[in-house]
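Visitor: Chains as they are written, first to last, in our numbering: chain A, 79 to 568; chain B, 21 to 353.
The hints are simulated quantities; they were obtained by calculation from the structure and are not laboratory data.
Check before you lean on any hint, since a few could be wrong.
What the hints assert, rightly or not - Quick list of in silico lysine-lysine cross-link-like pairs, DSSO-like style, CA-CA up to 27 Å:
no. : chain 1 : residue 1 : chain 2 : residue 2
1   : A       : K352      : B       : K307
2   : A       : K256      : B       : K157
3   : A       : K352      : B       : K157
Unchecked claim - Derived list of chain B stretches under chain A, where covered just means 3 residues or more per stretch with a C-beta under 8 Å from a C-beta of chain A:
no. : segment
4   : 54-66
5   : 229-237
6   : 240-247
Just so you know, even glycine gets a beta-carbon here, dropped at the ideal spot from N, CA and C.
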Amino acid sequence: MRAPNGWAPMILHLNHTRRDAALAGTEETVAAVLALLEEKHLDPGDFARLQIHLDWLQYKQNFREAITVTQEARAEGGGVPVMEVRIDSRQVPAGGMRDCLERAIELRGKAAQSGRLYLEEFKPFRSSIAWQFNRLYWQRLKDWEQATGKGYETALPGGASDGHHPQAIADSVDEFWKLLNDLDNKGHLPAEVFLLEIGVGTGTRAGLWLHRFFEVDREHGTNYYPRLRFLLGDYSLATLERCRPPVEHHIDLCSFIALDALDPIKTLSFLRHKILHVHSTNMYDNLPDEELVWRDNRIYWVHVRAYLPAAEALGIAAAAEIPASELTKVIGRLLDIGPECLADRSRGVALWQDAWKAMRLEERLVGMEELPDISFPAGLSLPQMEDILREAPNDLRFHLSPGALDSFRNTLPLLHPRGYLEVQDIFVNDLAEYNMGFHGPGKLDGSIVNWVNGALLREVAERAGYNLHFAPFRYRAGSKTSVLHTTRRE
Amino acid sequence: MKLPILPTTMVGSYSMPGWLERLKTEYFARRISRHDLDEIHDTVVKAAIKDQEVAGLDIVTDGELRRDNMIDYFIERLPGIQIDRSSKKFYYDFYDSEVIGKIPMASIGLVEDFKFLLANTDKQTKFCITGPHSLTKRVRNKHYPSEEALATDIARVLNLELKELVKAGATYIQIDEPYYSGFPEDLAWGVTVTNVLVDGVKAKTALHICYGNRYGKPSWEGTYRYLFPRILDAKVDQLTLEFARRGGEDLELFQEFKAPFELGVGVVDVKDQAIETPDIVAERIRKALKVLPAERIFILPDCGLFHLSRDVAFAKLRAMVQGTHIVRKELGR
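With the hints as constraints, model all of the structure from the sequences given.
Guide: So this is what it looks like as structure tokens:
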């Protein structure tokens, strides 16, 4: 699209494939931009550097306003920065595009926008207060579930975890039994066979898996079952406690271990090179994340600042019967001690849920050169990252997935030479896919969800001596999850 | 130059710096020249030698920093082996290679590497090569009737090279055969070709057998029991085995089978970033002394230090030397 006075074209990225919404959204967006240009609400210079992304956020609960405008600071000696407009087509009210866009453009770049109660200063996403909410959710899951009257698994897209699918578990058990049998035939079967599940959820999968293994082992008469040492690892003691009943028939084989999913080897270093099978389901997508932008051969970090819209903040304070001026302090206490931050615990839970629901993230882009102390996750260096990005499309916003990368790298040393890691999760397998849809962050109940950068995982894996294979989860039609499987790289 | 009791040395490779990895990869991407890479290699080899000297090792190696990995450095020198040079994405990857005709006898040019080592240290030296069994396992055989036949011809070429090394002054040569542990069924012919390899080589020969160190992790698990008694037929002077990571239980095999070899005892775990204390090293040496006299023991890391960062590798060597000093003092030597 070319501006009337001959400036360079603006770019409109259509990031979703919902034909009805895309068509209407595109038409309305173009009309709104031209109107704002004609009415001089939009400077022609900005128009020339306008990049509009029309998204369809599949997560109804997320951190975005209907329209977000981000403009990176002008780098010394650099060109005029791009103005990036991200539109969540789903949130823009019918016929409201022009007004929303005008307001968003007016507010851009202001140090503090009126109508927002800020909960923190700008910082990398992985350090945001949003992750403290996420942690509280897993630590106080029971409180949350009691208040909502439903278990967290009902918040999953299929209403249940794909990790519990009986056929998927049967196939997983068969593969593992075959490995043990092969080791046995070569005289290499260890006396103790270690397995590790990281992020145990309700314990249902572990229970089903062990039960199935018991049956398969009995059918074959191989007597491997008593050798199993099944480690259930999770950072939440509450979760470890509630996952016991599903494995109670196999309790003698189970150990419940509090571990940091980001660094399993730290807790389990005594099992270095000894674990034959590590598994996790929908764990990587809930680990701390960052978003980066690759534009004109430069890397930008997306820094965020959490806030509550003022009107909603007032409502939350009123419902909690606290002065509005106290709200940020009370939220801080909530994240420290939980819903007991208020004398009436149920009000504390309500405040937690309301604040989480209302929370948004303001963004700004910060160039790498302004972040001299920034470091990439283990296994990934800046030169490597630049090599990878040279092959990627320009103007790419993508997840760094540092939590997933750290967890992955710090799990590999646990693997026995014949061991393998299996991760069922939502992966982006090719960086170019980031330009074809929204991949988080979204909110799933009280937790955060981000798609995991499988392309970066693959790079890191290769340098660590593993090949990665991603297979779509074939057991449930419509499932968006894939299964990552490691094989040793020669 | 007389060696002290319990001489200390490396298995072969020293820490590969991240920046050197990138430069090697740059070379494969044709972004730096062969000449520049050679200069870089000379510099890092000198630095590796210096680190070993400062750490206090009695016998030094060249750190093997010119080598992309333990296979390709030899495969690309062996005449008659075809290599797909586009098959590497990262310098450490193995080439796809195949042998389509008889391997002719020819020099493979390792003597220059040894001479460079010799010229840059006053310490005693050791030169390491990858053995024919391991090389055979990484080459697609499209000519020979069996792996043993291929390995035998590789051994003949390497034997010629070892004799050249001895002529150049090499007194201590190590042959690396980690693939034995992955293919114990090959051991009978593996030992036979090792004997072809060392035939007539007038130097101390050591056979290093570990459980793999590719990407800094073991490739196989098991015990060294599979080596016995067949390994007793190997005409080498020394076996160099890993005991730090795996514990010292297999040491007893030396006693049980009355193995005639010297023993290179791995006392430093190269697959763990944690740095051993000198006391731990000393304890591991004492364990070995229960099965062999000090005169037949050499002190080494479990395997190459290639995958450890330089500071960790250096600290481990220092701990190894200090631990050895503790035991020497206890022995009054």
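Visitor: Hint numbers the structure violates, sorted upward?
Guide: Per hint list: single violation, 4.
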